[in-house]
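Respectively, the protein sequence lines represent chains A and B.
Heads up: the first sequence is residues 1 to 117, going by the working numbering.
Heads up: the second sequence is residues 1001 to 1114, going by the working numbering.
Think of the hints as simulated: they come from the structure by calculation, not from any bench.
Ideal Cβ placement from N, Cα and C applies to all residues, glycine included.
Among these hints, one or two may not hold up.
If you only want the chain B side, here are some residues facing chain A, beta carbon under 8 Å, derived [said to hold, decoys possible]:
hint : residue
1    : Thr1038
2    : Gly1040
3    : Gln1041
4    : Glu1056
5    : Phe1074
6    : Tyr1104
7    : Gly1106
Given next are the chains, with one letter for each unit.
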Amino acid sequence: DQQVKQNSPSLSVQEGRISILNCDYTNSMFDYFLWYKKYPAEGPTFLISISSIKDKNEDGRFTVFLNKSAKHLSLHIVPSQPGDSAVYFCAASDLSIHTFRDDKIIFGKGTRLHILP
Amino acid sequence: DTGVSQDPRHKITKRGQNVTFRCDPISEHNRLYWYRQTLGQGPEFLTYFQNEAQLEKSRLLSDRFSAERPKGSFSTLEIQRTEQGDSAMYLCASSSKGLIYEQYFGPGTRLTVT
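Construct the entire structure; sequences and hints are all you get.
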């Protein structure tokens, strides 16, 4: 049972336009969400995060939106640049059912973003 | 410090052999994590350490897997009697006490079991 879902395996966007990557989650106990970017032959790189007490967090060209009622978050990249071509992973932190904090991260399967010239 | 490092980057082994991977975290980070990633999947949590204490192990971590972090610095992940299903990328990450959710990953060790 996948708790973090990225339903689009790939996405192509014209350079300069907005890229929107989507993510859904099923566990209502998640309290922190992250986006990671991964280039081939490298480990994932932390990009941006958002706490469940917020609905938006912005860092330069990257903005993450959180809709808790819909259990949905999205990453917006504006404007998209060629270097943004990578696999993007959505991730969430998991609170233990025994109520002590557990900082294990649950990842989605990733979305491959292609920025077209 | 240049980040999390892992060694080796690639390992090819025959089924039944034992392999050991090493991870050196960012020096001031006290938490260290191991993940496994297979093709088309995101990283899957295996285990993590706070200093030298192993705090949690995933059920993905069978009895053939063991991880150590003897002095709270580098960590090793050993797989005994490897199976073809163990073929994957093994990722190590570290984080500091203050920002536990922002984990910094190494480049990974790609294991191929033939």
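Worksheet entry | Interface hint outcome for Tyr1104(B) [beta carbon to chain A under 8 Å] | Constraint on Tyr1104(B) satisfied, holds at 7 Å.
Item to complete: Answer holds if the nearest beta-carbon of chain A is closer than 8 Å to that of Thr1038(B); otherwise answer violated.
Response: For Thr1038(B), the interface hint is violated, since the closest Cβ of chain A sits about 10 Å away, which is over 8 Å.
Discussion item. So, as I understand it, the hint says Gln1041(B) touches chain A; can you test that by seeing if any CB pair is closer than 8 Å?
Written reply: holds (6 Å)
Item to complete: Tell me if Phe1074(B) is really an interface residue toward chain A, meaning its C-beta lies closer than 8 Å to one of theirs.
Response: Hint on Phe1074(B): violated, closest Cβ of chain A at ~16 Å, above 8 Å.
Item to complete: Hold the hint about Gly1106(B) up to the distance rule: shortest CB distance to chain A must be less than 8 Å.
Response: holds (5 Å)
Worksheet item: Given Gly1040(B) was flagged as interface, is its beta-carbon under 8 Å from a beta-carbon of chain A?
Response: Nearest chain A Cβ about 6 Å off; hint holds.
Discussion item. Tell me if the interface restraint on Glu1056(B) is satisfied: Cβ within less than 8 Å of some Cβ in chain A.
Written reply: Result: holds, 7 Å to nearest chain A Cβ.
Violated hints, in rising order: 1 and 5; the structure is consistent with all others.
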